[in-house]
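Top line first, the protein sequences correspond to chains G and P.
Heads up: the first sequence begins at 1 in this note's numbering, then just goes up one per residue.
Heads up: the second sequence begins at 1 in this note's numbering, then just goes up one per residue.
Treat the hints loosely; a few may be bogus.
Said to hold, decoys possible - Straight-line Cα separation of at most 25 Å, DSS-like style, residue types lysine-lysine; simulated pairs:
no., chain 1, residue 1, chain 2, residue 2
1, G, K475, P, K239
2, P, K66, P, K48
3, P, K180, G, K501
4, P, K48, G, K475
Said to hold, decoys possible - Which stretches of chain G does chain P cover? Using the computed rule of at least three CB atoms under 8 Å from a CB of chain P, they are:
no., stretch
5, 165 to 177
6, 463 to 470
7, 564 to 574
8, 590 to 598
Simulated from the structure, these hints should not be mistaken for lab results.
Think of the CB as a built atom: it goes at the ideal place given N, C-alpha and C, for glycine as much as any other residue.
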Amino acid sequence: MVIKVPLSWLQAYCDVPWSVEELVDRLVLSGLEVDGVDTVGSDFEGFVVGHVDRVERHPNADRLSLCTVDVGGESLQVICGAPNVAAGQKVPVARVGASLPGGMEIRKAKIRGVESFGMICSEAELNLSDDHEGIMVLEAGIEPGRPLQDVLGGPETVLSIDVGTNRPDCLSLVGVAREITALSGGELRLPSGVVDETGPPVDTLASVRVDAPDDCPRFVGRVITGVRIGPSPDWLKSRIEAAGIRSISNVVDVTNYVMLEMGQPLHAYDLDRLAGQGIVVRRAREEEAFTTLDGVERTLDGEVLMIADHETGIGVGGVMGGLDTEITPETDRVFLEGACFDAVRVRRSSKALQLQTDASRRFERGMDPELQGEAVVRAAGLIAEVAGGVVAEGMIDVRTPAGPDPVIRLRVSRVNGLLGTGLDRDEIAALLHRLRFGVRPEGADLEVVVPSFRRDVFREVDLIEEVARLYGYDKIEPAASAPPRDDSAGAREREEDRRGKQDDQRRVRDAMAGFGFTEVVTHSLLHPDLNRLIDPSRPSVMIDNPLSPELSAMRTSLAASVLGVVRWNANRKVRDIRIFEAGRVFRAKEEGLPDEPEQLCIAVTGQRHSPHWDGPPEAFDFFDLKGLAEALLGRLGLDRVETVPYDKVDPLFDADRTGELLADGVRAGRFGAVSHRVLDRYEIREPVWMGVIDCGVLFGQASDRRTYRAPPKYPAVERDLAIVVPEEVTHRDILNEIRACSGDLLESVELFDVYRGTQIAARSKSMAYAMRFRSEERTLTDAEVTRLQDKVLRRLVSRYRAELRS
Amino acid sequence: MVQEAEAIEARALEEIARAADPSDLEDIRIRYMGKNGDLTRVLRSVGKADPKDRPRIGQRVNQAKKTIGEALEARRAACEAGGESAAGALDVTLPGRPPPLGSKHPLTLIREEVTEIFRDMGFSVVDGPEVEWDYYNFEALNIPRDHPARDTQDTFYLGSDIVLRTHTSPVQVRVMEQQKPPVRVIVPGRTYRHENPDATHAFTFHQCEGLYVDKGVTMAQLKGDMTYFAQRLFGGKVKVRFLPDFFPFTEPSVQYDFSCVACGGVGCRICKYSGWLEISGAGMVDPAVFGFVDYDPEVYTGYAFGMGLDRLAMFKYGIDSIHMFLENDLRQLEGN
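Same shape as in the complex, but just chain G (with noise of 0.2 Å):
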């Protein structure tokens, strides 16, 4: 939560001996977050008060107001164009040759024809606020003619502090200051304890009562009674609006001041618009309808705590008043609360009416169960200060007994063994008192007595915190901590197992990098339509509350934004991509978290080579696709791999170019030409050939072990065959008879001419092989790989009614 802290103001509690610079620095390093420094207002050279003595219509603009402002004993005509200008009022007025903040110069002009002296400036034009809706009103007794900066003070350094949700303390100008005296050791000024109750008993104006102790520890209740409800005096509507807060009325002011200045947030109601004159602190009933000071009507439950009067809610605990029971300009006696709510409760509230507010915020952060008095008494001086009337004598408190502070033991060799210094009892003993704990050796340790606004400290290790953020962490000395040694069999074997995962993630992407494919990563979010269209029976794991319905499931697959990231470059012209993603897909399970496979998706559209001045382009091909494919999986170290014609249906891939990767008879993954359907889904003209492989088979069986086996000792026959074949024999058919008729012996072989034409018989193919046969252990002759040869070619001429092509 950030808080605004104009530095004027802050003053007030603590003496800041350093520049704003270095302010800001050391709250840094001890643990305050400043997130900006600005300054509000400015020197106001050239401004002075004007009591605006006439308002005309200018004579050729309807919106425009012709005004005469009596600007100490000399009268300017002043065009104003805000709505709000009217005759009686004292306004700041930035006389011809004055610089506004924002570094426009005021000058003599001519609007529409009439002269204008001056300009009559509003709230955001003197660089106070953001309000521009109309010109500024000051106080109705001040001198025309006096100098702006007299009235609003001078320019203002406004700290922005993003306090942690750990720090409730911090979230107060005394609370700031409590923290600068910590650094300084300077002396903290408290606000005033004491008020004058110069009015009747409170009991006898105002009761309460708490039917929910829990959420509600501690309730505190004051009444003033004859305020006059008015517009707050300068010096309290220029700090709060320095601080972020925009002036509503006196009372209300206060109220926010307080909790500004001291952390605790308050609420004033019209104690005559409270049925009874009472206070009930309560659950919310099932379906209870309240309105909010914002004007909303809600329908609450009974998570909410409520506070209502005798018959009635009146606030929401902790989050916001009612509009029933406001301040208005009639109200005469007010009674003022300051709660102290439990903090879970409060965020419950919050969350159940969606709606978080300066209150809120504190509370759920926790709050210093013993502010309330204080910071009571503090806004009832205040109230009679700016709004006149008599503050009631004494106060109501109702509140479940608070148990003593918390004392906690603080080891020395603690501190010292957590943090990794050298400090000793007392330097501890008097970073802690400065940050006001009670402290007091106990052996050679300490107990220190955590304050009431300190909640957060409750443990040891929260005072070796204090500790270390006080001492500074600049001051503690690097060490390098030496690699633990675990030599037991199951620390090796957990190692290898992640070792080999990692190790196969990287050689999944350095080999196809080496192909000279290029990694793209994608994020895992997209519409559930796109898992449909690539992977229509298997459900989307879906987000509860997506940023929109593009990012609403998790992908099942990764071809959907693989294509997206070809669309994507296609539009710009990129016409040869070859790129290649490695991540996670999200598989819905019956119960629990969804499985997450690894999933390695290749794409490839345009060329097969990037373009030459010699030679025609080519494109990329189906074998193009599968010899990589087929590549990537023995470079990764899978033994039998080959390709298979897929004979179910997958969407993504057109049904007549799909092949499934088989690496020891295991399915890897499918490779082809993405489908019609699916291209025009994305837009894309061109052809696209797409791979998707499943990483568990990849990583479960790759290995980069090499093993070199020594160089041939006999020579190799080398044989051709050439055979014609009726079309529906595959390559793999001829390869398993050839295999499996000439055994060991068999080297290698390799199909080097396909040819279909005039010269062979219709519906065939003729193939031609080469193969290769050598022995380990002898010299083979010619005869025997004949009758190998023939072996072979009996077989398929039996089996598939092949013929020797002369």
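Fit chain P to the given chain G structure using the hints.
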């Protein structure tokens, strides 16, 4: 006659090799294989040879004819292709035929680099699910359901108990559940935040978590180890700064910064003139987390850290937009 054919073949091949352009080749063809060519003449005379020698001679002469024909064709193709001038000189300045240049994605490169450094430091690499139980992502990291810290990690939900992990920290808990100390692991992985993307935010990003638990692990070691890491990744001059911070699962917690790798710490656009680059959060493992995995915090201490791989890659490779990573503009990625 066989010898004559062989001599003719040798002579023809030599002339073909010397031929400067296609017209020379045509002359050679006519001289040897034309109607009155040398080889044609020999072929005609085969009929006059001894009948038992005829097949052998015929075969050799035909072979010579074939060889010369092929040589002529090859030489013609070479002349026409344009790589060499008519005189056979090569223009070495013509563009070469490059093999396709593959590349790994910068996120992969940074992950591999980071992983390698930590492996050298004795960390092993583990991973965990991206779709994660609320328990591991929050509860067991000391972020109970009603804790305001949940607001700082806007979360995608998949049902009431399952989230897209908002950080890689849940893997800390998973590892400690499965393994007794010493634990020394890093967890590179993908994480998600329910944030509308803008100039500096993405809803998907990549982190690397680190965890070291043993007897006597100190914050000073965390600082020393992070300094070593920073200097391995960005060079020996990089400094590391710790600032107090808050995370429910570490205590004390720090934000750690590296001195700006672009300007060396004097201040520049990249470090927003501060001299420092905010890297991420770290700290000493909170005893409450040890409570969830049954480690005795009196016996063991540990440090944990996170880092944004996207950010590190930006600094390391001079990438200026976080959106570059998932945009996949091949004009940017290719060949890198």
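Against the structure, the hints:
{"no.": "1", "hint": "G:K475 x P:K239", "in the structure": "holds (14 Å)"}
{"no.": "2", "hint": "P:K66 x P:K48", "in the structure": "holds (22 Å)"}
{"no.": "3", "hint": "P:K180 x G:K501", "in the structure": "holds (22 Å)"}
{"no.": "4", "hint": "P:K48 x G:K475", "in the structure": "violated (109 Å)"}
{"no.": "5", "hint": "165 to 177", "in the structure": "holds (count 3)"}
{"no.": "6", "hint": "463 to 470", "in the structure": "holds (count 4)"}
{"no.": "7", "hint": "564 to 574", "in the structure": "holds (count 5)"}
{"no.": "8", "hint": "590 to 598", "in the structure": "holds (count 3)"}
Checked against the numbered hints above, the structure breaks only hint 4 and satisfies the rest.
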